[in-house]
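Number of protein chains: 2
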Amino acid sequence: MAVRALVFDVFGTLVDWRSAVADAFRSEGVAGDPEELADAWRARYRPILDEVNDGLRPWGNFDELHLATLQDVLAERAITLSPDQQERLVYTWHRLDPWPDVREGLEVLRRGFLTAPLSNGHVALIVDLARHGDLRFDCILSAELAHAYKPAPQTYLTAAHLLDVQPSELMLVAAHPSDLAGARAAGLRTGFIDRPLEHGPATGKRSDPKADVSVGDLHELARVLADATFN
Amino acid sequence: MAVRALVFDVFGTLVDWRSAVADAFRSEGVAGDPEELADAWRARYRPILDEVNDGLRPWGNFDELHLATLQDVLAERAITLSPDQQERLVYTWHRLDPWPDVREGLEVLRRGFLTAPLSNGHVALIVDLARHGDLRFDCILSAELAHAYKPAPQTYLTAAHLLDVQPSELMLVAAHPSDLAGARAAGLRTGFIDRPLEHGPATGKRSDPKADVSVGDLHELARVLADATFN
Chain A
1 MAVRALVFDV
11 FGTLVDWRSA
21 VADAFRSEGV
31 AGDPEELADA
41 WRARYRPILD
51 EVNDGLRPWG
61 NFDELHLATL
71 QDVLAERAIT
81 LSPDQQERLV
91 YTWHRLDPWP
101 DVREGLEVLR
111 RGFLTAPLSN
121 GHVALIVDLA
131 RHGDLRFDCI
141 LSAELAHAYK
151 PAPQTYLTAA
161 HLLDVQPSEL
171 MLVAAHPSDL
181 AGARAAGLRT
191 GFIDRPLEHG
201 PATGKRSDPK
211 ADVSVGDLHE
221 LARVLADATF
231 N
Chain B
1 MAVRALVFDV
11 FGTLVDWRSA
21 VADAFRSEGV
31 AGDPEELADA
41 WRARYRPILD
51 EVNDGLRPWG
61 NFDELHLATL
71 QDVLAERAIT
81 LSPDQQERLV
91 YTWHRLDPWP
101 DVREGLEVLR
111 RGFLTAPLSN
121 GHVALIVDLA
131 RHGDLRFDCI
141 LSAELAHAYK
151 PAPQTYLTAA
161 HLLDVQPSEL
171 MLVAAHPSDL
181 AGARAAGLRT
191 GFIDRPLEHG
201 PATGKRSDPK
211 ADVSVGDLHE
221 LARVLADATF
231 N
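Residue numbers (the numbering used here), protein chains in the order written: chain A, 1 to 231; chain B, 1 to 231.
To be clear, the hints were calculated from the coordinates, so they are not data collected in a lab. Check each hint, because a few of them may be wrong.
[Unchecked claim] Pairwise CB distance ranges, derived in the manner of DEER restraints:
#, chain 1, residue 1, chain 2, residue 2, range
1, A, D227, B, S82, 32 to 38 Å
2, A, Y91, B, W59, 35 to 41 Å
3, B, D227, A, E36, 46 to 52 Å
Nothing here was measured: the structure is a model prediction, and the numbers come from that model. Just so you know, even glycine gets a beta-carbon here, dropped at the ideal spot from N, CA and C.
For reference, chain A alone in the conformation it holds in the complex (with noise of 0.2 Å):
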């Protein structure tokens, strides 16, 4: 079975959400250690989400989660700020920098693949995203479509759906192995793109064993899946 369709998670795996943020809070004069703020902020993320999938918390975008998590961040450190900055700091995960071989790499995948980004963040967020890094998808797909986050089974499952392709023909490329065992157990394809900066400094190169490719940039990934096949 052919791979027909790349699926692309966003946060981490084609931007670089770390740095952005840091210098957000740099630039609004927040006390403390930027990016000490950005990872504490970040380390927010999967537990909101999981209380969304568990029902605990109602259905929320990403703007409405970030401002969430963000307000807890300030409350913790006893921060105050305006209404205005948190509004700016949210708006900033609406344009974060690409990794570099992002931009062209997407262009390379698509010329033999359907591609698409499936993020948790909502579909307005992605396009925004999209757009700050002039970078071309054939669609939009996310977790908003499915109304379930990654690593719910119907995002990945919803994603194939909407691409008319079979699980088994669908590639989710993630840096975060979590995400691909969600995938791997709704019946997708797996790869694992190696993002060493994404927590700041440079950790050694890694690889997803149980991935069925691991590479380290997305040209990487065009040249492994065109010698590529699948059992």
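For chain A, the structure is supplied; the task is to place chain B on it using the hints.
Just chain B now, kept in the frame of chain A:
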């Protein structure tokens, strides 16, 4: 209130369905007038969508609906085609050429507005048409995402929601006054685009007096929107 986003009807508005569908009947050697067959097939489009919207027929994507309506057209004329021939005809709707102004016109409009198709066709079909015509949008919107066909209001409102704009900040661009009326009823702005060749021999120049703007092509739309203010 400024218009921030444009959504486009696709069949007839952005792409010429009649020429390619007639050509497909011709190349399959189907008895009868190819243009008349194309028109008869398309004429069954609105009734079958109404059946779905009225709950008389389960949801189907456009490949399924096109197959059902094709079989009706063929049965009416006592024409027998193989399943392969039927499938090729249905698949013709995935590779219709855009009208001559569309590819470049969309690029111009995308500089100033969020842009997306908003078709009754399913996402995968519109993705194929966009790839076929090298049409670049910010995302692909479809009745499939609202699970209701235009002119049901939720189709337009789902588009506004996914783009994170108010209905009054969103303009539907279409060659069909009935579609524009549905959008207007949902609170959208409307732009009529004249496509005199949609149904074959050119008609006289038309406009839609109820639409906010009436134009002859996407380049004219870009010029008009650059100067327009809306109450």
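Status of the hints after comparison with the structure:
1. A/D227 to B/S82: 32 to 38 Å: Distance hint for A/D227, B/S82 holds at roughly 37 Å.
2. A/Y91 to B/W59: 35 to 41 Å: Cβ of A/Y91 to Cβ of B/W59: about 36 Å, so the range 35 to 41 Å holds.
3. B/D227 to A/E36: 46 to 52 Å: holds (49 Å)
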